[in-house]
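Student: Keeping their order, the protein sequence lines are chains P and H. Heads up, our numbering is the position in the first sequence plus 6, with the first residue counted as 1. Heads up, our numbering is the position in the second sequence plus 6, with the first residue counted as 1.
Be aware that one or more of the hints could be misleading.
Here are some chain P residues the structure puts well away from chain H; computed CB gaps all over 10 Å [stated by the list, open to error]:
hint, residue
1, N202
2, L241
3, G251
Here are the in silico distance ranges between beta carbons for each label pair [stated by the list, open to error]:
hint, chain 1, residue 1, chain 2, residue 2, range
4, P, S123, H, A25, 29 to 35 Å
5, H, N274, P, Q244, 56 to 62 Å
6, H, R33, P, R80, 57 to 63 Å
7, H, T96, P, A272, 31 to 37 Å
8, P, G56, H, A118, 31 to 37 Å
If you want a taste of the chain P side facing chain H, the calculated C-beta under 8 Å gives, among others [claimed, not checked]:
hint, residue
9, V31
10, V37
11, I73
12, T113
13, A114
14, E117
15, A118
Everything labelled a hint here was simulated from the structure, so no lab data went into it. C-beta: ideal position from N, C-alpha, C; glycine also.
There are 2 protein chains.
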Amino acid sequence: MIVVVCLNPALDITHRVPAVNWGGVNRPSAVYARPGGKGLNVARTLHALGADLLLTGLVGGITGAGIEAELGRRGVPAALTAIAGETRRTFTIAADGTGAGHKGAVTAFYEAGPEVSAREFAEFRGQYEKALAGAEAVVLSGSLPTGLAAGTYATLIETAAAAGVPAVLDTHGEALRRGVAAGPAIVKPNLEELENLAGRRLSAPLGGSGASGASGASSPDLAAVTLAADQLRTLGAQAVVASLGPQGLLAATGDGRWQARAPEVAGNATGAGDAVAAALAHGLAIGRPWHERLRHAAALGAATVAAPVAGEFSDADYARALTTVTVHRAAEDLGAARDRDMALDRDEVG
Amino acid sequence: MIVVVCLNPALDITHRVPAVNWGGVNRPSAVYARPGGKGLNVARTLHALGADLLLTGLVGGITGAGIEAELGRRGVPAALTAIAGETRRTFTIAADGTGAGHKGAVTAFYEAGPEVSAREFAEFRGQYEKALAGAEAVVLSGSLPTGLAAGTYATLIETAAAAGVPAVLDTHGEALRRGVAAGPAIVKPNLEELENLAGRRLSAPLGGSGASGASGASSPDLAAVTLAADQLRTLGAQAVVASLGPQGLLAATGDGRWQARAPEVAGNATGAGDAVAAALAHGLAIGRPWHERLRHAAALGAATVAAPVAGEFSDADYARALTTVTVHRAAEDLGAARDRDMALDRDEVG
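Excised from the complex, chain P in its bound form (with noise of 0.2 Å):
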């Protein structure tokens, strides 16, 4: 069984109208409304999956109620954790005409999500060690809720390896820097989160290899991420799998360093990154070695661009998926990567 983590989910709602009517009352076309947070996403990947799954989390209020009869239509294994906050909305105004008061194809509004409290969350700690008896791996995603430490996430970790289970960890900022400390089995960083822990761009211009790479398209240098995900592994993490969108996968593992990729699908990049979490914890959890893994992981995360809605997959995308991904031992030159690298720091401080 996969514990899934899930401190911050929330309820996506999308309006569609004609053209937005500022300062008067509008209806929409059409409404759009399902639960997010990158922790529900991944829940319902797995269970897509068919993976043996526990949701395990924090909801509260209007919101939180509606989250959770949804998952159980949707029939998604969940025993989350009551709060006393609101669990957040996220409220997008997509406009499709381009009228007189039209300021913006997409306007949203972001709650800020609820408060929690040391008795809420020793509460959900409970439950999170007594679903860890029976776990193979535990996923941990998303943001953290207002009132949570920056370590929370380490702590779950620690919890997770004194119980046996090992856990996949995808955040950003300071929780992603924490939890890597503690020691998790995966970290899946995508290129920004990777860049903002390296504390240094990880790409480069596209079309050229001038000294400049300010602004403008990039695409992300191997060889430079490459050897961020090793100073990752040397701070904590077991196995580093960086998520380049149509660069595939790059993975330092116990195993050595992979390339994982899929040929390019158009389509809606939301939810691809949680769909190899997901990907990932399903193969930690059935024993797949790291080059199966990574092809799963690769081809999920495609077959989840090419879906209409983000965040879903089709069973035929993911079995073409499956036989198109290329995975491969990196050959990379760390050399001149650490040579561009101390250049760059140079040029920082100089």
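Following the hints, put chain H in place on chain P, whose structure we already have.
Tutor: Relative to the frame of chain P, chain H by itself:
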């Protein structure tokens, strides 16, 4: 026990923002969310009065589950019928500032609400008939969701009458017209609803008696309102209580015509009409004579206007208003009103 029918509930969400960043991401400084729709307001008011009530109606989807959970938390007794569609949300953005992107203080997005199937409505009717068995009164409030015929309230009033339960009806348009014909104990239109039903203006320009009244501020013409109320009685309603805002209540009943007024209070009139409907049903259920029934209704309406949150009231305001409300038998010059209406009718065709 009072049965409250809410066929088209809503979740009302308000985001307060300093100024709206149209086309960008906004993080509201305050978020308010609460179950709404006229029937839910009536149920909450009756619950706050300590009345024995049962809320019936239709809820569905993520929003429906959230509303049901919130009613449970507030302790409002409910036996709601589940539907497949999604209960509607209203989303209001209230901007404090008047920055560059500001186009008006309040922008609203109203979801259309669910489509209700014949099978779902039949299931509701079963619940409703069961609830009527122990009821002293029923309140039918608000709009009808898509898929339900305009005669729905009429049918429900007839079902209640067959069970010996008097009905209070508060709706508008064709549903009100059809409902009146079914012989409810009380209908409670506001001025606009009464005007729509009468097919003519029932107000006079403020501060003058000129023949034109097409524009500018106006106040209800009490004689004309009385006449329109009398006409609704001839069409089937046993009593008509028109809620006229600061002008109070004007009632045409089997015990004669009455007027009830509270001293004018500043505040938020939203939900005040629902408080009046709740008080009328309460008075009906416990057998208050008309003058007492109207005194409580006018006082509760005034206390609701005075409360900072729409649709709520404080016991202190209610108690105070009960001592200041005036109730008296109306002594309108009905002949003059009739003459005026006939003159208006001639104007319309001439």
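Student: Now tell me, hint by hint, if it's right for this structure.
Tutor: Okay, the hints, checked on the actual structure:
1. Even its closest Cβ contact with chain H, about 19 Å, leaves N202 (chain P) beyond 10 Å, as expected for a residue assigned away from the interface.
2. Look at L241 (chain P): its CB is around 32 Å from the nearest CB on chain H, clear of 10 Å, so calling it non-interface holds up.
3. Listed as outside the interface, G251 (chain P) is consistent with that label: its C-beta sits roughly 21 Å from the nearest C-beta of chain H, beyond the 10 Å cut-off.
4. Separated by about 32 Å at the C-beta atoms, S123 (chain P) and A25 (chain H) satisfy the suggested range of 29 to 35 Å.
5. Here the CB-CB span from N274 (chain H) to Q244 (chain P) is close to 58 Å, well matched to the stated 56 to 62 Å.
6. Judged by the Cβ atoms, the range 57 to 63 Å given for R33 (chain H) and R80 (chain P) is violated: they are separated by roughly 29 Å.
7. Judged by the Cβ atoms, the range 31 to 37 Å given for T96 (chain H) and A272 (chain P) holds: they are separated by roughly 36 Å.
8. Separation of G56 (chain P) from A118 (chain H) is about 36 Å and conforms to the stated range, judged on CB atoms against 31 to 37 Å.
9. Interface restraint check: V31 (chain P) against chain H, minimum CB-CB distance 5 Å, threshold 8 Å, status holds.
10. Evaluation of the V37 (chain P) hint against chain H yields a held restraint, the C-beta minimum of about 5 Å falling below 8 Å.
11. With a least beta-carbon distance of about 7 Å to chain H, the hint placing I73 (chain P) at the interface is held under the 8 Å criterion.
12. For the restraint placing T113 (chain P) at the interface with chain H, the shortest Cβ-Cβ distance is roughly 5 Å, inside the 8 Å limit, so the hint holds.
13. With a least beta-carbon distance of about 5 Å to chain H, the hint placing A114 (chain P) at the interface is held under the 8 Å criterion.
14. For the restraint placing E117 (chain P) at the interface with chain H, the shortest Cβ-Cβ distance is roughly 5 Å, inside the 8 Å limit, so the hint holds.
15. A least Cβ separation of about 7 Å between A118 (chain P) and chain H falls short of the 8 Å threshold, and the interface hint therefore holds.
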